[in-house]
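My numbering applies: residue 1 is where the sequence shown begins, and numbers increase by one.
One should not assume that every hint holds.
Beta-carbon label-pair distances, calculated as ranges [as the list claims (entries may be wrong)]:
1) Q104 with R155: 17 to 27 angstroms
2) A16 with G124: 40 to 50 angstroms
3) D159 with F31: 29 to 39 angstroms
4) H137 with D68: 38 to 48 angstroms
5) H137 with E6: 37 to 47 angstroms
6) E81 with P5: 20 to 30 angstroms
7) D116 with G41: 25 to 35 angstroms
8) E42 with D131: 30 to 40 angstroms
9) L97 with S164: 17 to 27 angstroms
10) E111 with S18: 18 to 28 angstroms
Everything labelled a hint here was simulated from the structure, so no lab data went into it. Just so you know, even glycine gets a beta-carbon here, dropped at the ideal spot from N, CA and C.
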Amino acid sequence: MWLDPEPAAHPDALAAISDADLILLGPGSVFTSVLPHLAVGEIAEAVAQSRGLRAYVCNIMTQPGETDGMDALAHLDRVLEMAPDAVDVVVVHAGALEPAALTQYAAQGQEPVLVDVPALESRGVRVVAADIAEDDHAVRHSPEALADVLMPLAREGADRRAASGSAHPA
1 MWLDPEPAAH PDALAAISDA DLILLGPGSV FTSVLPHLAV GEIAEAVAQS
51 RGLRAYVCNI MTQPGETDGM DALAHLDRVL EMAPDAVDVV VVHAGALEPA
101 ALTQYAAQGQ EPVLVDVPAL ESRGVRVVAA DIAEDDHAVR HSPEALADVL
151 MPLAREGADR RAASGSAHPA
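Starting from the given sequences, assemble the full structure and let the hints guide the process.
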């Protein structure tokens with residue numbers, strides 16, 4: 001993916017990335033929500049240079065015509081191809097999904113994104129596997145469950161920034 005001409009990043013966006021304790025990539029479509037931001041070279045560079053923690057939240061289900069057959073490693077690899085140093089942690093779903101919902105999604109050409117933790121770790125990232133799906137018939141991320149996973153990561157990012165001398169003033 002590329003942009004021609006490549007746009008300049010807004011200075012406020014670069015400052016926000018620099019000041020972030022946690023940079024969150026996703027959840028959302030890897031090709032239309034995550035990668036377009038990283039296609040802006042200054043954004044990808046700012047994320048790579050950040051002293052905060054950088055997390056990628058992988059989709060729970062594939063998207064027809066876009067991520068057919070892609071497992072979590074393939075999703076992560078697309079992100080790392082665009083920005084090799086942009087991910088410290090990958091958040092993936094680990095839990096049961098409603099069988100009725102899976103049947104409905106399968107009829108639309110969607111399937112669960114398969115997760116191979118050792119394969120993900122082979123990319124030099126830490127994997128946080130948790131039950132982050134809604135408890136209903138729609139297979140999507142639960143805001144509450146995701147917050148339970150992300151808040152400790154944000155605190156870790158703040159500690160990491162403090163240790164690097166780039167923490168927010170008290």
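Taking the hints in turn, this is what the structure says about them:
| no. | hint | verdict |
| --- | --- | --- |
| 1 | Q104 with R155: 17 to 27 angstroms | 37 angstroms, violated |
| 2 | A16 with G124: 40 to 50 angstroms | 25 angstroms, violated |
| 3 | D159 with F31: 29 to 39 angstroms | 33 angstroms, holds |
| 4 | H137 with D68: 38 to 48 angstroms | 22 angstroms, violated |
| 5 | H137 with E6: 37 to 47 angstroms | 42 angstroms, holds |
| 6 | E81 with P5: 20 to 30 angstroms | 21 angstroms, holds |
| 7 | D116 with G41: 25 to 35 angstroms | 31 angstroms, holds |
| 8 | E42 with D131: 30 to 40 angstroms | 36 angstroms, holds |
| 9 | L97 with S164: 17 to 27 angstroms | 39 angstroms, violated |
| 10 | E111 with S18: 18 to 28 angstroms | 38 angstroms, violated |
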